[in-house]
Structures are given as C-alpha cells and as structure tokens.
Amino acid sequence: MTEGAAQVPGITLADSWRSFRTAIGLGWAIEANWSDPFLFAIYTMAKPLAAAMILVVMFQVITGGQGTEFLQFLIVGSALWNVVFGVMGGLVQSILEDRERYKMMKYVVVTPSSLFPFLLGRSVARVLTSLVAVVLTLAVGVVFLGVDLQLNLLLLVPATLIGVTAVVALGVFMAGWCLQLRQEAWSYPEAIAGALYLISGAIFPVDILPAFLHPVALASPTTWWLEASRRALVGHGAPGIDGQPGLFEVFSDGQIMLFLVISTAIAIPLALAAFRWFMRRAREAGLLDMTTGS
Amino acid sequence: MSAYGSAPASGPREAAEWSNRRIVAVNLRAIVGRAYPRVIGLTREPSWLFFEIFLPFLAVSAFVFVYRALGAPEAFVGFVVLGGAMTAFWLNVVWMMAAQFYWEKDQGNLELYFTAPMHLMSVLAGMAIGGLVMTSSRALAVIGIGSLLYGVSYDVHEPLALAAVFLLTMIPLYGMGMLFASLFLLWGREAFHLAQLLQEPIYFLGGVNFPLRALGPAVGLVMATLPLGVGLDAMRQLAFASSDTNGVLPVGTEIVILVAMGIVFLVAARLALGYLETLARREGRLTLRWQ
Chain A
1 MTEGAAQVPG ITLADSWRSF RTAIGLGWAI EANWSDPFLF AIYTMAKPLA
51 AAMILVVMFQ VITGGQGTEF LQFLIVGSAL WNVVFGVMGG LVQSILEDRE
101 RYKMMKYVVV TPSSLFPFLL GRSVARVLTS LVAVVLTLAV GVVFLGVDLQ
151 LNLLLLVPAT LIGVTAVVAL GVFMAGWCLQ LRQEAWSYPE AIAGALYLIS
201 GAIFPVDILP AFLHPVALAS PTTWWLEASR RALVGHGAPG IDGQPGLFEV
251 FSDGQIMLFL VISTAIAIPL ALAAFRWFMR RAREAGLLDM TTGS
Chain B
295 MSAYGSAPAS GPREAAEWSN RRIVAVNLRA IVGRAYPRVI GLTREPSWLF
345 FEIFLPFLAV SAFVFVYRAL GAPEAFVGFV VLGGAMTAFW LNVVWMMAAQ
395 FYWEKDQGNL ELYFTAPMHL MSVLAGMAIG GLVMTSSRAL AVIGIGSLLY
445 GVSYDVHEPL ALAAVFLLTM IPLYGMGMLF ASLFLLWGRE AFHLAQLLQE
495 PIYFLGGVNF PLRALGPAVG LVMATLPLGV GLDAMRQLAF ASSDTNGVLP
545 VGTEIVILVA MGIVFLVAAR LALGYLETLA RREGRLTLRW Q
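Going down the list, the sequences are from chains A and B. So for the first sequence, our numbering puts the first residue at 1; every next one is plus one. So for the second sequence, our numbering puts the first residue at 295; every next one is plus one.
These are calculated hints, taken from the structure and not from any lab test. Be aware that a few hints might be false.
Unchecked claim - Residues from chain B that keep clear of chain A, each with C-beta distances beyond 12 Å, as calculated:
{"hint": "1", "residue": "Val326"}
{"hint": "2", "residue": "Val427"}
{"hint": "3", "residue": "Val450"}
{"hint": "4", "residue": "Gly501"}
As the list claims (entries may be wrong) - Simulated coverage check for chain B against chain A, where a stretch passes if three residues somewhere in it have a Cβ under 8 Å from a Cβ of chain A:
{"hint": "5", "region": "356–369"}
{"hint": "6", "region": "503–515"}
Ideal placement from N, C-alpha and C gives every residue a C-beta, glycine not left out.
Whenever a hint applies, use it, and build me the whole structure from the sequences.
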C-alpha cells in the first residue's frame, strides 16, 4: 500500500448521512415533484383504496356483511401490504431507473460514498407514499367500514419497526439481485412481493394454504409482522377457518414478536451479505452501466 | 421495381401520388411489421411468458384463497379465474398499448412513425393484433392452470356466443388502448403513474374478482364506459350458465353495448391521433424525450 493511499480517509457516518439525505430529495423529486400534484395525489390514494375495496366487495358478496373479524383482517392486511410493495418496488425501481433510464448508477458508484445509503434514500419517497396508503386505507376502514381499532402501541411500535426493517432487508436483497438480470428485472419485485402476498397470509389466513406451504409461510418475517400488527391494531390476529382455531392462535403476543425478531435477525445479515456479493459481481461483470432495453 | 412493389418515380410529384392500392399495401405492411415483434417475442424471450402467466396466476390464487376462506360457492372461483385471464388483456392494453407511444418517444422511434408514409392507426392496429395474439397465450395458460389447479367447472351452453362476446370485448378494449396511447403521449411523463392508476381501480370497477352486479349503483358507469366490465359480465353469464349469480343485463344487451363501445373508441382513437399528429408537426414537442 502506498503512503498516499493510506491517507485516503474512509467513508464516515456523516458522508453516508449526506448521501442518504440527498438521495431522499432526488427520489422525491422524481416521484412527486416532476408529476402533476393532482394526478400524484389521486394515484397515491386510488390504487390502495381500490385494492382494499375489491376485498371488501368480495367479503360483502359472500357474507352479506356478517363477521367483522374477517373484514378487519382483510383491511389491515391489505393496508399493510402497501409497505411491502412500496419498499420492494421502491428499492428495485430506484436501482434500475438509475442504471437503465437516467444512467447515473456508475457515477454514484464511483463517488467516495457508498451506493447503499444512496439506494436507501432514493427509495424513501416510495416508502413514504406507501405509508400514506396504509394510513388512508385504515382510515377508510375505520370511518366507512366499521373497523374497530384497538391500538396496542407497546406491540405496534416494535412490530412496525422490526417488520419494516425486515421488508427493507428483503428489498435490498431484491435490488442486488435485479442488478444481475438481463431482462424483466422490473417484474421481479412484483413477482416476489406477489409470492410473499400469497404465503404471508396478507388477505387470507395461512391455514387455507396447502400444508406444504406452511413452513415457507412461517419462515417469512412478513407473516409474523402481519400477525403482530393485526393484534396491535384490531386486537386479534388471523381468524380460524370453518370454526377451527387459527394457526397462530396458540401463540401469545410475546411469542409472535419473538418469531418476528428471529426471522428478521436471520433475514438482515443474509440480505446484506447477498447485496455485497451482488455488487461485487456487478462490478466484475460490468453490469453497473448495462442497458438491457427492458 | 423495388422489393416493396414500387417503381422509381420520374419526379417528386409522381413519387408523392400514391395509388389506393399502394396506400393499402403500405399500411397492411405497417400492421404486420408492428405486430411481428410481439408475436415473435413469444418464442424469443421465454422469461416474458413466465412473468405474464405467473403474475396474473399469483393474483388469481390469492383471490381464490380469499373466497375459500370465506366459504364461497365454487362458481366464484371460476369467476376469479376468468377475471384473472381477462386481466392479462387489460395489462397488455395499459402497458403495451396506452403507454407504448410514450416508451417509443423515449426510445426515439416515435419520430420515425410520424415521418414514415403510413397511418399511425396502422401502427396501433399492429400493436393491438400482436398484443392480442401474445396475450391470448397467457390468458389461456391462466385459465388452463387455474381451472386444473382449483377445479373450476364451466357450464357453457352457447360456445359460439361466448367466442363472439370475447372478440367483441377485445375490439373496444384495444380501441380504448389506442385512444389512451394518444392521451398518454400528450400527458407526458405521467405515463407510469397513469398506467398504475389504471390497474386496481379498473379491476375494482370492472368486477374482475366479483360479480359486477355487486357494485350497486356504480354499475351504470361501468356499463357506459368500461368494456372490460361489460365483456366479463357477459362472458361469466355464458361460461357459468347454471350459476345462481345473474349478470347486470341480458347477454344480448351487453353485446349491443360492446358493439357501440367498439365504434366509439375506434373513432375517438382516430380523432385523438389526428390531433396528436397535428401537434407533432406544428410544435415538434412530441418528439422531445423525457417530457
């Protein structure tokens, strides 16, 4: 190592914070400021509300409005899932847009800062938009559909912090993975989020899934996050099917939180290690300025 | 004589005066040329096939499990599978028709379309025909896999009427896509947001996952504007003839509505394209990228 190289300072926390902050502004500009504000507001509200209303109408058609426990289950799951789509979609779209559309990825990578805080910051706008969608969907549920909120903040706050962190970890993994792809990278977050939607019990109890999928469901932090959040928001988790007790009814709130912590603690280091490996491979294979035309 | 059947002209005036036969031939070639990449893409990029079957199938599965959790009659599973298949066409209309001119502008192809000696309607018709062929394979796969996996049983008394309703649904659906292609281009960089906006809200209004009648008074709006909803309602009546769920209107009436919608959307698309072309030539801003 030369003397000069040894004197090059490393990336400090302040550098990362500055990158993160700048990327937040950039992400918000791209997401919102460059759009028509009216259209952006409509888009932010209409999509999640329509997704929830589809489930509400399905529920009404079959039950005639009986059984509010299931309705609350649907509304909370549908609302919270906006975070998963927002985070995973936001991280992946950010990295792909910067590589394919704006062609800025290589310039960000060669700056003294790390790509990681930039990537997180760049996706914050989408995450915030998804949080607005969560609040809005829950508000509509409470005001118009009779959802009875029974807030347990002692459970809700840690569940949200840990759950969203787990979702961000999954998003980071996806972002690194999508950098490797030649085609259809844009579709991967939707596909993975869609698969998670299916196995996490977002809009139906996990019990209804075929038994061979139960271990997959229980391994995903999103399953535990949804269950913990439901208990914290409406006072109950997933209902049982056909009068049978639900899969999670045997677990206490503390046990649900414990499983959320364990699954998240496994997901985070795996996601970070995978991202580091994906980035190294992207540098070696020249993927950082690749344009797939997809 | 060139490979395209045109002889060298003696002067600019002669070159500019085309016979009707030549105009028709060029536009037919444009239709085939624009449809070709979409049809051939079926074999060239298998990952498309995976995603375009897998994604609608995931959504279909989620809604099937919701109905099962609610203890719904099995006919509703069939409704969801049919709705999921029709979703594939709607996604194709939104992303590969409506947003297409915007992407073409970003890629620099749009000015080539404007300067080529063909009508833009031919390009849109090519996109529609190619998209229809491409998406039909996806929709059939969703119906096949969904029906096998979830045990859907159909009760079709009038297969010809069902096929006719499907085709009559596609005409206004793709006509709407043609109209949106011009509008998306005019609205500029909002194309992504607009395309997103045309998904869940339209699935809701179109009754993709539940009988359209359940929408109550809003159903009148759907009947007047949304071919996806009208077509699905008619197809469900024909595909599940013995189910207890009635359609909004008799199939015959819905066919008349679809025909009227087809005419309205195609004429509106033609007018919107004319306006767009005028703008492109007068102001030139439609060929500016990132706008």
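Hint-by-hint comparison with the structure:
1. Val326: Non-interface label on Val326(B) holds, nearest chain A Cβ at 23 Å vs cutoff 12 Å.
2. Val427: 20 Å, holds
3. Val450: Consistent with the label, Val450(B) stays out of reach of chain A, its closest Cβ about 23 Å off (over 12 Å).
4. Gly501: The claim is violated: Gly501(B) sits with its nearest Cβ about 8 Å from chain A, within 12 Å.
5. 356–369: holds (count 10)
6. 503–515: This one holds; 5 residues, not fewer than the three required, reach chain A with a Cβ under 8 Å.
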